[in-house]
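With chain A's structure known, arrange chain B on it following the hints.
Chain residues, written in single-letter form:
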Amino acid sequence: MEQEKNKTFIDKIWDLFASVKFAIIIFALISLTSVVGTILEQRAEPAKNIQILTRIFGESLAPTLYNIFDKTGFMDMYHSWWFLTLLILFSANIVICSIDRLPRIWKMIREPISPLTEEHLEKVSIKRELVVKGKPDTVKDFVTGAIKGAGFNYNESKEEKGYQFYSQKGSFTRLGVYITHVSILLILIGALIGIFFGFKGFLPLPEGMSSSVALLHTNSLTRTEEHEKERILDAIWTSSGSISSSSATLGMDENTLKAKMHKYGIQPLGFTIRCDDFDVYFYGNSDMPKEYKSWLTVIDGTKEVLKKTIAVNDPLSYKGVTFYQSSYGMMPNAQGKFILRITPKFGAPEIKQLNLGERFVIPGTTMEGTIRDFSPALSFDKQGRPITYTEMMNNPALFIDFKEGGKGKYSGWILKRHPTTAKLPEGHSVEFIDLWGVQYTGLQVRKDPGVWIVYLGCIVMSMGLFIAFFMSHRKLWVRIAEEKNNTKVIIGATTNKNRAAFEGKINKMITLLSKRDAETGSAGRRKVDG
Amino acid sequence: MDSSFFFGISTMAYILAMIIYITYLASGKKEIGIAATTVTIIGFISHTLAIGMRWKEFYDLSGMGFLRSVPLTNLYESMIFFVWCLILGYLIIEFKYKNRSFGAFVTPIAGLALAFIDLSGMSKEIQPLLPALQSNWLLAHVMMSFIAYAAFSLSFSTGLIYLILTTERKTESAYIFWTFTLGIFVTLFFLMGIDFFTFRVAVKPEVFIKSYMFRSSFFNPSMVVKILSWIAMIAIIVIVWRYGSVLKMVMDKFGISAETLDEITYKSIAVGFPVFTLGGLIFGAIWADQAWGTYWSWDPKETWSLITWFVYAFYLHSRMVRGWRGKKVAIVAVTGFVVAMFTYIGVNLLLSGLHSYGDIK
Numbered sequence: 001m002e003q004e005k006n007k008t009f010i011d012k013i014w015d016l017f018a019s020v021k022f023a024i025i026i027f028a029l030i031s032l033t034s035v036v037g038t039i040l041e042q043r044a045e046p047a048k049n050i051q052i053l054t055r056i057f058g059e060s061l062a063p064t065l066y067n068i069f070d071k072t073g074f075m076d077m078y079h080s081w082w083f084l085t086l087l088i089l090f091s092a093n094i095v096i097c098s099i100d101r102l103p104r105i106w107k108m109i110r111e112p113i114s115p116l117t118e119e120h121l122e123k124v125s126i127k128r129e130l131v132v133k134g135k136p137d138t139v140k141d142f143v144t145g146a147i148k149g150a151g152f153n154y155n156e157s158k159e160e161k162g163y164q165f166y167s168q169k170g171s172f173t174r175l176g177v178y179i180t181h182v183s184i185l186l187i188l189i190g191a192l193i194g195i196f197f198g199f200k201g202f203l204p205l206p207e208g209m210s211s212s213v214a215l216l217h218t219n220s221l222t223r224t225e226e227h228e229k230e231r232i233l234d235a236i237w238t239s240s241g242s243i244s245s246s247s248a249t250l251g252m253d254e255n256t257l258k259a260k261m262h263k264y265g266i267q268p269l270g271f272t273i274r275c276d277d278f279d280v281y282f283y284g285n286s287d288m289p290k291e292y293k294s295w296l297t298v299i300d301g302t303k304e305v306l307k308k309t310i311a312v313n314d315p316l317s318y319k320g321v322t323f324y325q326s327s328y329g330m331m332p333n334a335q336g337k338f339i340l341r342i343t344p345k346f347g348a349p350e351i352k353q354l355n356l357g358e359r360f361v362i363p364g365t366t367m368e369g370t371i372r373d374f375s376p377a378l379s380f381d382k383q384g385r386p387i388t389y390t391e392m393m394n395n396p397a398l399f400i401d402f403k404e405g406g407k408g409k410y411s412g413w414i415l416k417r418h419p420t421t422a423k424l425p426e427g428h429s430v431e432f433i434d435l436w437g438v439q440y441t442g443l444q445v446r447k448d449p450g451v452w453i454v455y456l457g458c459i460v461m462s463m464g465l466f467i468a469f470f471m472s473h474r475k476l477w478v479r480i481a482e483e484k485n486n487t488k489v490i491i492g493a494t495t496n497k498n499r500a501a502f503e504g505k506i507n508k509m510i511t512l513l514s515k516r517d518a519e520t521g522s523a524g525r526r527k528v529d530g
Numbered sequence: 001m002d003s004s005f006f007f008g009i010s011t012m013a014y015i016l017a018m019i020i021y022i023t024y025l026a027s028g029k030k031e032i033g034i035a036a037t038t039v040t041i042i043g044f045i046s047h048t049l050a051i052g053m054r055w056k057e058f059y060d061l062s063g064m065g066f067l068r069s070v071p072l073t074n075l076y077e078s079m080i081f082f083v084w085c086l087i088l089g090y091l092i093i094e095f096k097y098k099n100r101s102f103g104a105f106v107t108p109i110a111g112l113a114l115a116f117i118d119l120s121g122m123s124k125e126i127q128p129l130l131p132a133l134q135s136n137w138l139l140a141h142v143m144m145s146f147i148a149y150a151a152f153s154l155s156f157s158t159g160l161i162y163l164i165l166t167t168e169r170k171t172e173s174a175y176i177f178w179t180f181t182l183g184i185f186v187t188l189f190f191l192m193g194i195d196f197f198t199f200r201v202a203v204k205p206e207v208f209i210k211s212y213m214f215r216s217s218f219f220n221p222s223m224v225v226k227i228l229s230w231i232a233m234i235a236i237i238v239i240v241w242r243y244g245s246v247l248k249m250v251m252d253k254f255g256i257s258a259e260t261l262d263e264i265t266y267k268s269i270a271v272g273f274p275v276f277t278l279g280g281l282i283f284g285a286i287w288a289d290q291a292w293g294t295y296w297s298w299d300p301k302e303t304w305s306l307i308t309w310f311v312y313a314f315y316l317h318s319r320m321v322r323g324w325r326g327k328k329v330a331i332v333a334v335t336g337f338v339v340a341m342f343t344y345i346g347v348n349l350l351l352s353g354l355h356s357y358g359d360i361k
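Protein chains in written order, with the working numbering: chain A, 1 to 530; chain B, 1 to 361.
The shape of chain A in the complex, shown without the other chains (with noise of 0.2 Å):
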């Protein structure tokens, strides 16, 4: 009784995943509510969102409104429970509403094809009828040929009159839908993997620098938690990366430590990596950027193991954790050095680090030049007066005064982006390389080792697409019977997709088999003629 019972309700609830009604509504709840997600801007600072619900709701209502969809967790809702809740409850009707509908799919494919009687013959979908000299003896063969010509194997049986030839193709295409289902099953265990055991972080990097461990997102901290944060990243940068010296100068055992990092997002690398210099290029003389570089060395223990140059497209892969070149930016209050090549008009070309206001000599000359003054991104007014025109590297310039046996000789702008710029009139040139020290390049971190599921579920889901859309469960017919000394042969065909396809094949072998007929036709005759 008990038992009975259970099952009805088990009974009933397999019923409704299985039911394309539970899809829809799933369907519509994931595609409602990622559409609120896509107007909030998702994980971002709550005075934006209020901006946001503002404009749509006005001003009384914005702050009530966000408080709700805060509390129900919009602000980072594809991350939420109930999202989540979501896509399992998607998955588990994709699962259940292929077991519910594969027995009856499998049979379809298992059944082996029989022949038809007369009658059933005659209900097909596709149906064509022709008559051709000969008994049907003599014609089996090249009937038989024209089905082998259209790529059917067939199988044969012997009736009253004639033959029956039958045969079906791609019966395994009706898996398609199921094929494709699995696909995306793959496609969220994937994805779940690629949660649970990797993370994916940010690292801004400044040139010069290393780090061993990439920042996660975090929940917003307060001001004292922030502080502690920053304390604990300066003991691990300060350390390169080891637990134990950090916990050690931070006056903490290894664990709390762990507990800690784990709190605040910092994710240990298991190496350290260490960005050699940055640059940003531009198109021609515009602001347009073209590449944004990263040249990046991988240190694992204490050797150097790795070197690679990322740029956007272009990542780099270590031990599963794979570094993107993502933004960039200027280190407040850093101090950087000038590099500058200088090459005497007879002589070879000699790199140099400068500071500001340091003097350098242009080798076996009397020449020498100090450096007065430096802007990123050096632009002229209409007056004829030089600007900095954003903070950022766009267009770096120094102004160099230049002395010769003591006595001042000119003064001039070097810019980094025009190399007429570095040449001198006496035929020396001094090039402003870079300004090292003071970019950051910010880095992307990941680790993912659910992705390669995901691709594999790409791979499958794009065959279970083309199987379902283009290739189709074909069955072939074709009876021949004796009818006043020649053969009537009768085609019939069924095909669950793109019949039109198939209605062509069957019109060509029709073409095929009178073609036949008329050429045997008058050989027959001409023989009567000899």
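Worth flagging that the hints you see were computed from the coordinates, not collected in a lab.
Simulated pairs of lysine-lysine, DSS-like, Cα-Cα distance not exceeding 30 Å:
1. A:Lys123 to B:Lys96
2. B:Lys96 to A:Lys515
3. A:Lys508 to B:Lys98
4. A:Lys290 to B:Lys56
5. B:Lys226 to A:Lys48
Example chain A residues on the side facing chain B (calculated, C-beta under 8 Å, incomplete):
6. Val20
7. Ser31
8. Ser34
9. Ile39
10. Gln42
11. Tyr78
12. Glu291
13. Val312
14. Arg446
15. Leu465
By construction, the Cβ of each residue, glycine as well, lies at the ideal position given by its N, Cα and C atoms.
Then chain B, alone, in the frame of chain A:
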């Protein structure tokens, strides 16, 4: 002669083709039908040439690989390619179904779209590629997405015509649905026209679409204008609803069978859906994985393409599993396209995110 010269020729050819197609439908003379097709093909060839020339111009200018120079990197170029796919899709249908009546609907859309692109002053300049776009995936991802959009727009027009032809009563939900949808389309088109004449002269084209769209109506600072715009929209919907039968009578004259429309709707989606899945979603994910370090980030564009995918998946399932035919699925097809268009244009205009290359700039 540069690419815009050829775009001009195609615009004129498509509009001329529309006139000939309508004459053909009115007269029923075969020669006129052939002339209409010929003019459309001439427009299409010129259109193809223009795209090819722009590709070449971009290739010469950017100094990047040939495949990376594909002219599909801003709204202007993408819309031109979209129209190209639309005409190609139509020509395929014309040859397959041996039915020309549909041309009277597609050619004006193509001609008007090209003319609109030209008039709106969308940036036609060839711009160099941002670092994120410098990838070989650009060609496959963007091109396939637009082929899918074009297929979806074909299914939209056939679906809409199907609804117009098959609905009888004004109280029928399918009738209300199509008059409502058409009413909104007409209103938006009309109001955009008003925006165009009010602001286009005064402001730079770059700012126009981004900041001035619907400024003279829904987004007007004055409350009165705002309310009037809403009333106007409701009025237009009511008018379309009231006189929808006139449209039906006109459509009836074209003699397109409802079954053919239903089939073309399905076939277009059966092509568009897998192409969209592979090119839009899968290639997009692989590219995002390379460029941004995450194959799926719930960026608005991604989310909206997922919603689009859901709607068409629903279309296919309701047809295959539930055996829906006719009006019900036609409604889904029309809805799918509205969502797809939002994914294509609306997201860039209204929402912010990583995917902002389609901006008008």
